[in-house]
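So the sequences go chain by chain: B and A. First residue of the first sequence: 1, per my numbering; consecutive thereafter. First residue of the second sequence: 1, per my numbering; consecutive thereafter.
No lab work stands behind these hints: they were computed from the structure. It cannot be assumed that every hint is accurate.
[To be verified] Subject to a maximum C-alpha distance of 30 Å in a straight line, what follows is the list of computed DSS-like cross-link-like pairs (lysine-lysine):
(1) A:Lys102 - A:Lys38
(2) B:Lys85 - A:Lys69
(3) A:Lys38 - A:Lys69
(4) A:Lys102 - B:Lys85
This structure is a prediction, so every number in the text was calculated from the model and none was measured.
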Amino acid sequence: MMDNVFLYSGLYLAFLMTLSLYRALVGPTVVDRMIGVNAIGSKTAVLLILIGLIYHRVEMFVDIALAYAMLNFIAVLAASRYFQKRKGLYD
Amino acid sequence: MDIIVCLLLFIGLFFFTGGAVGILRFPDFYSRLHPAGKLDTLGSLLAMTGLALFNLHYFSLGALLTSLKIILILVFVFLASPTATHAIVDAGVRAGLAPWTKGEDRR
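Just chain A, same shape as in the assembly (with noise of 0.2 Å):
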């Protein structure tokens, strides 16, 4: 048990790893959204559900009842990271930011 407790929460961090990566280094704004938006969703769903996998390992009603609470977040995450993502994006093309093309330095 914990051993796919441990590998779901690294491979959790991973994902968490890439998106920071891709936040630091992509070249402009709407591309910068991407690693944003999906690689910590895809986080937050593999480390969250190996801690309520963990929390589950002395089993009684209470313990239960956590493990859903922490579904519950997972479920709340996935609708509203991407509204917020989309939103972002939205400020963005209002402001009439200009998207990065190739031969550009990067901002």
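Isolated chain B (complex conformation) (with noise of 0.2 Å):
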């Protein structure tokens, strides 16, 4: 029962990460389009654990949670470094 649960959680979350999908191509400026990435990988790291859950292996999937939030806290951070400028900011 609660394997159902746990997969149509993960399939309305990547329909969720679609609609975020969606500002991260049409957003007008290029840290609207950070701000989609960054909504995208923070469910990421949820969906991962349930993927985990799904397959009952958990304490594998949990490890890589945690590598794939640490690496959007990067890149996010690094992204937002480099296009602090008014240069291309229309593209």
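Two chains, two frames, some hints: make the complex.
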């Protein structure tokens, strides 16, 4: 029973990620796209733990989720340091 | 126990829904950061707390360690997500992005 709950929660989470992907694709400025990427990354950490619970291998997937959360943080931080100039804001 | 896990997971998904809709519908960059920064953090807190509770269903030392790792991800998200949001808004301010005022059209 709980496997089905986790499966459909994961599917719904993937649907929400496609909604955030719209902002990452058509956002008018570069920083808008970074908002979308950050939202997708924070949902992915939850989705990885859900996948681990569905496959009954959560002790492996929790490490992947931790590494993904750290990598997402570093990526957003580096991109925001890189794009803090006016040139290329609307590309 | 399963009812508490389902409740926490669904409330977390509800907050994630609010964050996604807010990112889509708010009029400009600075107001879009408001749902993106806070609702995602709270949704991660509730959903991951529920998953850590479910993982303790068959109690063992390994399950306890896995649940502690999930709590570690939570603590990291609580430190990292506001920092990332602040870095993004700092990039917007330094790039000279003007805030939206009433009467302008949506950007």
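Legend entry - Violated constraints from the hint list, given by number and in increasing order: 2
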